[in-house]
Each structure stands twice: as C-alpha cells, then as structure tokens.
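Participant: Each chain, letter by letter, is given below.
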Amino acid sequence: MRQVYLDLVLVKMWKQVEPIPMNTLENTVLLAHEPDTPTDHRLVIFPIHQDDALSTARISQLFTTLRGANLTNDGEQLSKITFAIHSPDSTIVYYHVYKGFNNKKEQP
Amino acid sequence: MDIKPLPIHLTTSPRSWLDRLFHSITTTSKPCWSGTLVEFGSCVWLQHTHDIDPFESGLFGKGSLSRAQPTWKSRTIDKVDKNAVFLEHITVERRKLKRNQENNNPSSPSPSSSPSSSSTSLPETRVWNAKEIKEMTHGQDYEQVLLDFYEAFFLVFALDALIIYDPFQKPLSIDTCWSIFSNHTPHFATRYTVYHYYRSLGWAPKQGTKFGVDFVLYRPGRKHHHGDFAVVVMTEDIDATMDWKELHRLNRVCTQVKKTLVLCYVIKPSPQNEQRPQCLSSYQVQEVIWKRWSPERNREK
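Those protein sequence lines, which keep their order, are chains Z and R. Under the working numbering, the first residue of the first sequence is numbered 1, with each subsequent residue one higher. Under the working numbering, the first residue of the second sequence is numbered 1001, with each subsequent residue one higher.
None of these hints come from the bench; they were simulated from the model. Think of the CB as a built atom: it goes at the ideal place given N, C-alpha and C, for glycine as much as any other residue.
Which bits of chain Z does chain R cover? Going by a derived footprint, with three or more residues having C-beta under 8 Å, they are:
| no. | segment |
| --- | --- |
| 1 | 6 to 12 |
| 2 | 40 to 54 |
| 3 | 85 to 99 |
Some but not every residue of chain R turned toward chain Z, in silico, with C-beta under 10 Å:
| no. | residue |
| --- | --- |
| 4 | Ser1066 |
| 5 | Phe1149 |
| 6 | Thr1185 |
No farther apart than 27 Å at their CA atoms in a straight line, the calculated lysine-lysine pairs in the BS3-like style are these:
| no. | chain 1 | residue 1 | chain 2 | residue 2 |
| --- | --- | --- | --- | --- |
| 7 | R | Lys1096 | Z | Lys80 |
| 8 | R | Lys1131 | R | Lys1079 |
| 9 | Z | Lys80 | R | Lys1098 |
Using the sequences provided together with the hints, build the complete structure.
Facilitator: Structure follows, in structure tokens:
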C-alpha cells in the first residue's frame, strides 16, 4: 500500500489520496480523486501484489465488501474498482475492473 | 537448439560491466554493496553502494519512484527554483483539453450533461506542484533503490558483490537468502535459473510485469535502449502445455510493444531438491524464439 500511495502522491502528484484501512479485507484501500475529474468522483484503489491470486469470486466479494463500507465512485454507487498491481521492483500497473458491462459514455 | 548446462562460468571482457564489478570486488575484501531484506515487498532495499552506481554497473536495481534509474529528486524537488513543467501537469492539461473538446461537440453527450450523472460540479485540477512537494517531504529524497530477489541473489551468489541484512541487521548467508527467496517467490529456482543464464550472456533481465512476461532483456551499456526480447519461463511446473490461444495472445502483446517473444524452457532432473542453490548445477536451459510471419505481407527480412 505504501508504494502505491507514494506513487500516486509523489510521482503522479495527486493531492487527494486517502488511505482507508479495511480489516475485513486485511488490506488498506486508497480513496483517490483523479485530477481533472468532477470533485465528487473518486477511484477506489485496491493494492495487490502480482503474486497474489485473484478470482472472479474474489472480485465479486471485493465489490460487496467495499459497497458495504459505503465506498463509491460518485457518491452514489461503486461501479468500478481500480487494482494497483505492484511487483517486487516497485513497478505498479493499474487496471479498472467493472462489475459487468458499463456504458462508456456514462463513465467519469 | 542448444542445451546449456548450468552453472555457466562467467567470462569478462575489458569493456564489460562485469569487468568493472569484478575489479571493484577483487580490490576490496568485502562485498561492495549492502542492502536490507524487505520480505513483505519481496525485494531488497539497496542502501550502501560505496559510490558505485548500481544502474551504471549493469542495470541493477530500480528507483521506487522512477521507471528505471532513480531520478525522482532531480525531477521534482531539485526543480523548485527552475519553474519546471512536469509531465503530470501536462497530462492534466491534455485531459482538460480533451474534455472541453468533448463538451463542445454537440453530437456526443458529455459526462457532465448526461442524465445518469449525479455530479454537476466542474472538473477540478488537484495536482501538487514542486514547491508543495518539497514542503511536504521537507526536501528529503523519498526514493529507494530496490532489487528484486533475482538481482539480489545473483549479486550475492554469483558475484559476491552484495551482503543482505535482515531487519535486525543480521547478515544473511547464501543458503538463508535462497530459502527466504524461495519461500516468498513462486518457482524462484526456475526463474532464477533463467535470470542467471541471461546475465551470464551479458543481458540484464528486468521484471516483465507490464508486458505480461517474466523478464525483459536489456543490454547494459552507456546508452540505455528499450528491451528487445520478452522472456516467458516454462518448465514442468509452469505453463508446460501452453495452448495456441495463449501463445497468440502473448505474441500479439509483444509485437505491439516491439519486443520479440522468447520461450525459455528449464529442464530439471527428477526428483528435484530445491532446498539449496546447488540444485542449479543440474538444470538445463532451452530457448525458442517465436516470431509471427504473414506470407502476404512479406515482412521477413
């Protein structure tokens, strides 16, 4: 999580990056505002190591858990989770994961 | 195909990076670099290099806040008084321009006018500037030089150029490093075999995470070029029966990033005992290069 946080704040220079500990997930999620997007839009960023396995069941569980923690992308719903996949050499690759099909024009 | 037994004896030429590293080793009685094991990150934090640049000495390590060589401080804090424009700011401006163009185009509904959008607030640019970064960090360099376990073990095992300490400042032996690295990294012995193989041929294998492969091969030297080869490690335990769909997918990605796909097979005797690094001497490596050819386009050179 620390590496992802530093990447967003010190490298990408994002101002609004808030760590939110999630005990049930044994992880810390980052709630971040992507620059030049509406002020109430947020990315829910889930750090994960590249050697950790991820299944579709696990992704569904994550959506359920994060929604239960009232984390949203636009103040109303959680339509996507952003995975920050970090490797041992500190390279981080980001992926948006959507719960089902999304109309592209409705995305922030 | 050549089957190359391990271990491969390292040979050096006067101009090679290995020669520079060997020279520094033979003139001192101790390994020249030291680092601390970071188990949760599966890496080694390189702390003391005695004025030898690990990146110049064979592309070892990576800056934790950079794409390759650690340059974060020189890119940010050191540019406070120079009114420098950062790439991140350019990215924000470019996105703003694209958004304005979309809003001005009457045929495409913009996110702000979409009835499904709950937000009526305008986009806001929230990016730190260099001065704010410097104040926030008190001028300190937050970047670390990190070695992945393959690099670290190669420096310890093959070159005796690194000593690794645990968080309690206790030096770790070669066998202890092997045991820890093997426990943290799936198929460490297999992948390290390939790493060691290409290092001994003069290549610098780096993590191939962004391209969906195990390693990308770079040629160390004064001028850094993009890696030309993307290596996928295969053995009985890993992708032994890769199907054609996966192969096409891999090759497509490699072609788009202008890299040649290399399938590297590691042949192990059975039964396998990977408890100690001595097992490497019985491993063999075969490599196959995959390159798509379209007869109608006549791309073959």
